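Colleague: Can you join these two chains into the complex? Each is in its own frame, and there are hints to help.
If you read the sequences in order, they're chains F and S. Take 1016 as the starting number for the first sequence in our numbering and just add one per residue. Take 557 as the starting number for the second sequence in our numbering and just add one per residue.
Hint data in this document are derived by calculation from the structure and do not stem from the laboratory. Just so you know, not all the hints are guaranteed correct.
[As the list claims (entries may be wrong)] Below 27 Å or equal to it, Euclidean Cα-Cα: the simulated DSSO-like pairs (lysine-lysine) are:
#1 F/LYS1075 with S/LYS597
#2 F/LYS1067 with F/LYS1092
#3 F/LYS1115 with S/LYS620
#4 F/LYS1071 with F/LYS1115
#5 S/LYS611 with S/LYS597
#6 S/LYS576 with S/LYS622
#7 S/LYS597 with S/LYS622
#8 F/LYS1115 with S/LYS597
#9 F/LYS1083 with F/LYS1067
#10 S/LYS620 with S/LYS597
#11 S/LYS611 with S/LYS576
#12 F/LYS1092 with F/LYS1075
#13 S/LYS620 with S/LYS576
#14 F/LYS1071 with F/LYS1092
#15 S/LYS570 with S/LYS620
#16 S/LYS620 with F/LYS1067
#17 S/LYS597 with F/LYS1092
#18 F/LYS1115 with S/LYS570
#19 F/LYS1115 with S/LYS622
#20 F/LYS1071 with F/LYS1083
#21 F/LYS1115 with F/LYS1083
[Said to hold, decoys possible] Not everything, but these chain F residues come out facing chain S in the computed CB check (under 8 Å):
#22 LEU1059
#23 GLN1060
#24 LEU1061
#25 PHE1104
Please read all numbers here as calculations on a predicted model, not as lab measurements. We treat Cβ as the ideally placed atom computed from N, Cα and C, and that holds for glycine.
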Amino acid sequence: GDSVTQMEGPVTLSEEACLTINCTYTATGYPSLFWYVQYPGEGLQLLLKATKADDKGSNKGFEATYRKETTSFHLEKGSVQVSDSAVYFCALIGETSYDKVIFGPGTSLSVIP
Amino acid sequence: GAVVSQHPSWVICKSGTSVKIECRSLDFQATTMFWYRQFPKQSLMLMATSNEGSKATYEQGVEKDKFLINHASLTLSTLTVTSAHPEDSSFYICSARSGSYNSPLHFGNGTRLTVT
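With the rest of the complex left out, here is chain S (with noise of 0.2 Å):
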């Protein structure tokens, strides 16, 4: 089955910083690719939608100059958080679809982000 990759799976950084978390498609190719952020005992909220070869989409709300996406080929988009603040501690989590828009999602293991 289709396969979602993410790295790393936990990280911890000093506030400052900037953290890049990786998602990658193994088996298939992702033209879209979508960040979810994922706080305590809550749903996942939409922060970005990632197309291959163009600017990311941003929810409204989400600071696009804090969380930089860059989606440079088809099996790969990357997340970064600038500048990060304890605020921007949470579960991060990417998917992908390997089919035709209403297919289901492919999901990465998330990552849980500390920033001290």
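Looking at chain F on its own, in the form it has when it is part of the complex (with noise of 0.2 Å):
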């Protein structure tokens, strides 16, 4: 079935610093790939996007490109802020799998001045 692998976490960075969180994917055909964040004590909400393969979702400095060639659609944020600090979950739907949003095991990311 489909699924999602995320690097593991907690990632500890230092403000200013680079962010990458790796996602892979295992999915039939063309899946539609998200990014959702969660502050803590909260519900998820959609970071960006990408619905079709070289897509680049971005959204508050965040990047992700959609790339079939290696199943990824990995994060990346050129300079990070302390109020980045969350859990970011890579997810998908495929196009099999309807309804069902498919979550990744999530990345803690921490953000230190």
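Modeller: Given below as structure tokens:
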């Protein structure tokens, strides 16, 4: 079945450091890919998305490119801030999974001043 | 943007009692809503898919008599945890989709349930 794998956390970075959170997926065809962010004690918020190969999703300085050849959707940010501290979830909706969103295990990010 | 409101945000109840959690789509109609459960430092576990006007579809291993889901209108779904026990303590999150099947989900802020 469809699945999402993310790099293990927690990740701790200093403010203004570069961030990369790896995400790879297994799915047939062309799934839609998402990154969600969860701040402490809150639900999830959509951060960015890409629905076809080579699409780049971007929001709030974060970017991720849909790479069909490597089945990846890595999240990147050039300069993180303390306010970026949260848990980040990579997710997909597969062509055959219809309504179901498949989430990765999440990666906790802590940014220290 | 699409907003999903979940209420209450936290609740403490005694073992054996029932707790109802509401999930509302405030500015869009949601024919389908989803209920998730999240354990500390873990990912979201899909519990059930709630369809307006019909019975919910439960994931394998989720007790439908324990977790009652009602989707009475296009903007409201409720999850009732019946005869709650301490092992039901968790973070419950609802979500809804405002567009086609591959459009992103919009999440409520979650409900922290503690059963004493």
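Colleague: Now tell me, hint by hint, if it's right for this structure.
Modeller: Status of each hint after checking the structure:
no., hint, in the structure
1, F/LYS1075 with S/LYS597, "holds, 24 Å"
2, F/LYS1067 with F/LYS1092, "holds, 21 Å"
3, F/LYS1115 with S/LYS620, "holds, 18 Å"
4, F/LYS1071 with F/LYS1115, "holds, 23 Å"
5, S/LYS611 with S/LYS597, "violated, 31 Å"
6, S/LYS576 with S/LYS622, "holds, 12 Å"
7, S/LYS597 with S/LYS622, "holds, 24 Å"
8, F/LYS1115 with S/LYS597, "holds, 22 Å"
9, F/LYS1083 with F/LYS1067, "holds, 9 Å"
10, S/LYS620 with S/LYS597, "holds, 25 Å"
11, S/LYS611 with S/LYS576, "holds, 17 Å"
12, F/LYS1092 with F/LYS1075, "holds, 9 Å"
13, S/LYS620 with S/LYS576, "holds, 14 Å"
14, F/LYS1071 with F/LYS1092, "holds, 13 Å"
15, S/LYS570 with S/LYS620, "holds, 21 Å"
16, S/LYS620 with F/LYS1067, "violated, 36 Å"
17, S/LYS597 with F/LYS1092, "holds, 23 Å"
18, F/LYS1115 with S/LYS570, "violated, 33 Å"
19, F/LYS1115 with S/LYS622, "holds, 22 Å"
20, F/LYS1071 with F/LYS1083, "holds, 12 Å"
21, F/LYS1115 with F/LYS1083, "holds, 21 Å"
22, LEU1059, "holds, 4 Å"
23, GLN1060, "holds, 7 Å"
24, LEU1061, "holds, 5 Å"
25, PHE1104, "holds, 7 Å"
Consistency note: the structure conflicts with the earlier hints numbered 5, 16, 18.
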